[in-house]
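Asks: Chain residues, written in single-letter form:
Number of protein chains: 2
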Amino acid sequence: MAGALGLGGLLPAAALAQTAPALPPPASVTLDALGLMQGFLPPPDKRVDLSNSGKYPQMRWTLQHLRELKPTQSIRRGNQPVSALTEATLPLGDMQFVSDKGQPITVNQWLDSTYTDALVVLHKGKVVFERYQNQMQPASPHLLFSVTKSFTGLMAAQLAHDGKLDPEALVTKYLPELASSAWGDMTVRQVMDMTGAVRFREVYTDPTSEVFGYSLASGLMERPPGYQGAANVYDFLKTLPKEGTHGEGFVYRTVHSEVLGWIVSRVTNRRWSDLMSEQLWQKMGMQEDAYVMVDSAGTPLQGAGLNATARDLARVGEMLRLGGRFNGQKIFDQAVVDDIRKGGDREKFKFGGIQAARPGYSYRNQWWALHNADGAYEAAGIHGQFIHVNPKAEMVVIKLSSHPMAAAAYTHALTLKAWAALADAVRDKP
Amino acid sequence: MAGALGLGGLLPAAALAQTAPALPPPASVTLDALGLMQGFLPPPDKRVDLSNSGKYPQMRWTLQHLRELKPTQSIRRGNQPVSALTEATLPLGDMQFVSDKGQPITVNQWLDSTYTDALVVLHKGKVVFERYQNQMQPASPHLLFSVTKSFTGLMAAQLAHDGKLDPEALVTKYLPELASSAWGDMTVRQVMDMTGAVRFREVYTDPTSEVFGYSLASGLMERPPGYQGAANVYDFLKTLPKEGTHGEGFVYRTVHSEVLGWIVSRVTNRRWSDLMSEQLWQKMGMQEDAYVMVDSAGTPLQGAGLNATARDLARVGEMLRLGGRFNGQKIFDQAVVDDIRKGGDREKFKFGGIQAARPGYSYRNQWWALHNADGAYEAAGIHGQFIHVNPKAEMVVIKLSSHPMAAAAYTHALTLKAWAALADAVRDKP
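Quick note, the sequences are listed as chains A and B, same order. Numbering follows the numbering used here, with no gaps: position 258 of the first sequence is 258. Numbering follows the numbering used here, with no gaps: position 210 of the second sequence is 210.
Treat the hints as calculated values from the structure; they're not laboratory data. Accuracy of the hints is not assured; some may be wrong.
Intra- or inter-copy, both count: the list cannot distinguish identical chains.
[Said to hold, decoys possible] Using 27 angstroms as the maximum straight-line C-alpha spacing, the simulated DSSO-like pairs for lysine-lysine come out as follows:
no.	residue 1	residue 2
1	Lys-124	Lys-55
2	Lys-238	Lys-55
3	Lys-55	Lys-330
4	Lys-46	Lys-238
5	Lys-173	Lys-348
6	Lys-350	Lys-242
7	Lys-350	Lys-46
8	Lys-46	Lys-173
9	Lys-238	Lys-330
10	Lys-164	Lys-342
11	Lys-46	Lys-101
12	Lys-342	Lys-238
Extracted from the complex, chain A is given alone in its bound form:
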């Protein structure tokens, strides 16, 4: 298990998603009860540092404080006024629904049982329910793990729409550095939809898994003394060989998102963090700066490193629900949003084994499409981060969590029930 290897929560992958949970997660314990990082100095056994920040329960602190442990780049909101989010509160906390186990459960119980730090529900753009727990504050940026990928995918899809990036071109058109790697004969489209065949195993029970190489190269995992591996993510990518047939099927691989972010920066000649600021944070009237972890070469972790507040993510979800417009301006083209909303190839999705936790889903431009009756789609990060957009119910849900297990299998079936219950609660309301 991740925890046994001392990696804990800092791995940005859909780890174990394909396997059913073998062990129950540890009991939920809150930061107030833990008393981590309280006092001056905090007592030694209450400190969170690089030796324990990925372990549970310290990880519950880390996910709200990554910047205090790691090098980061800011994603500036600029000096524009904050775009107002009006409130129209509905009493959803005690609303009951039927769990994936067939048992009655309330929204609040769902939040507690899935180690939730923040939840924001928008209906028609208004905040109908909002909750912060576990010391999370409205102004706290939270580590988003693979939700990061979906921002990289959005920016890439817009570049493709603008004709600045050719999805059918080979990756090497933009990144000749990857000629000798798995990406040497892969198309950009295969990167965007994660159907490129690269040997990159995210199996935490196997220390030979390439995910450890990624974690060490990126700085997510502390390097042992005498470490001789890749010094940064891009140098690590060059080492990964092809394994299989490109385009055959979807396999979830964080390294594809790093390649896609590299392409975006190469095409625009801009840092990912600056693009995020210029294209989203400055235009949308965000309330707080966001930030992204960087590796030792200053490259943002474009597949795993974004941190933002719940309400700012709600603004992103609402922008998508509105077809790419927000705060009085175009953020992305309607066609870009429509392409994501429609989703990807559901047959190819079955290839990688992710479907055990996400039956019927597909993956397109680094977004998950649910293919349910409401046409919902979402960005998702391990340990329970979500931007969930439900067009038909006119609903956006942001959920930020610090679940101890790096596996959707522990919670996703229940969370799907919660999405449906919340949609039914707001549906057809004025």
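Here the structure of chain A is known, so what remains is to put chain B in place on it, guided by the hints.
Replies: The following block gives chain B in isolation, referenced to the frame of chain A:
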């Protein structure tokens, strides 16, 4: 020299200030010419990372990008509107004055020769001159080194004014942890004014200097393999013995500022970064979040780690010039500002040898008083950072630099001439 030991610019001390320059500094080279951290990936010889970030010329990049290398805490500006700074430009760049060597020099030449990244001059609160160089942007936070101390001193002085901190009490009243150290029989006032006698040598030519212990404990300097020293700043402070007589004279010691920051947090039960946000950044309508580097226990470097933009620092200078009020509210009490403006004991100041670069100065509450005819006072950081307040000329100057040498002796005599020339240029203007 600092550079020879690989420390370069990351030491927050008045190093070498007491000795005359032995060697000329390296020729000024700008980031545009260097091409550091450009491209995706930057070429290996163009990267700035923990192995070279303190060396010149990489240090010129580091001082504008510390957060991309180190763990930090944000100092939030909040969601208030930015307090406007109106402009009334004066053509000061080509204005000539007589240097400390008796030679004519223009303001622009002074800026270039002292490796300046940003200069902002306010007269009566209006921006009369502003320059950004070396890739510095108006939104770029710059590492301020010992300017940090002056913020710690302001907060401590306000607490004393409010009766929440007794300057005449022993340090151990607030920090019993320091009973066995030099601070065991030292008063808070002696900490505030740096007249406490502690063995802490800041001599960069001597590897046994305690400044190296501070740099390793704080994380400013990379730890060698097998490092067994203090894991954080506060644990390091406990190891420092008394040497001499408390109160006898001023000796500039960064560790006093760390003790003072610790006292401030103990008294308020708040993190330094949160106090900075609540007392200054949120109230003053700052334009950007500031940030502070933290050690591995999450303690801000309260003597060296602050990063902020030039204009936000100009707002601080103007607030002081106005007696503690800014943006329509009280930030500090007039009496607190007056106490700093009046300065400290000029006889005790001569004790420590700093006076070679700063003749006639004194030090009070972590601020430098010039005792010139204009009643000027300033915060100063090594490598050339300043908040310079000239009450009589109604002028505030912010200078942010990345001078290769950690020594005021290289530049301060010239900078004093520049202060005077700028004051004369704006004096009696409408």
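Asks: All hints are to be evaluated individually against the structure, with a verdict given for each.
Replies: Right, here's what the structure says about each hint:
{"no.": "1", "hint": "Lys-124 / Lys-55", "in the structure": "neither (39 angstroms within a copy, 54 angstroms between copies)"}
{"no.": "2", "hint": "Lys-238 / Lys-55", "in the structure": "neither (30 angstroms within a copy, 30 angstroms between copies)"}
{"no.": "3", "hint": "Lys-55 / Lys-330", "in the structure": "neither (41 angstroms within a copy, 44 angstroms between copies)"}
{"no.": "4", "hint": "Lys-46 / Lys-238", "in the structure": "between (40 angstroms within a copy, 20 angstroms between copies)"}
{"no.": "5", "hint": "Lys-173 / Lys-348", "in the structure": "within (25 angstroms within a copy, 68 angstroms between copies)"}
{"no.": "6", "hint": "Lys-350 / Lys-242", "in the structure": "within (20 angstroms within a copy, 70 angstroms between copies)"}
{"no.": "7", "hint": "Lys-350 / Lys-46", "in the structure": "neither (44 angstroms within a copy, 44 angstroms between copies)"}
{"no.": "8", "hint": "Lys-46 / Lys-173", "in the structure": "between (50 angstroms within a copy, 24 angstroms between copies)"}
{"no.": "9", "hint": "Lys-238 / Lys-330", "in the structure": "neither (36 angstroms within a copy, 57 angstroms between copies)"}
{"no.": "10", "hint": "Lys-164 / Lys-342", "in the structure": "within (22 angstroms within a copy, 61 angstroms between copies)"}
{"no.": "11", "hint": "Lys-46 / Lys-101", "in the structure": "neither (37 angstroms within a copy, 56 angstroms between copies)"}
{"no.": "12", "hint": "Lys-342 / Lys-238", "in the structure": "neither (33 angstroms within a copy, 62 angstroms between copies)"}
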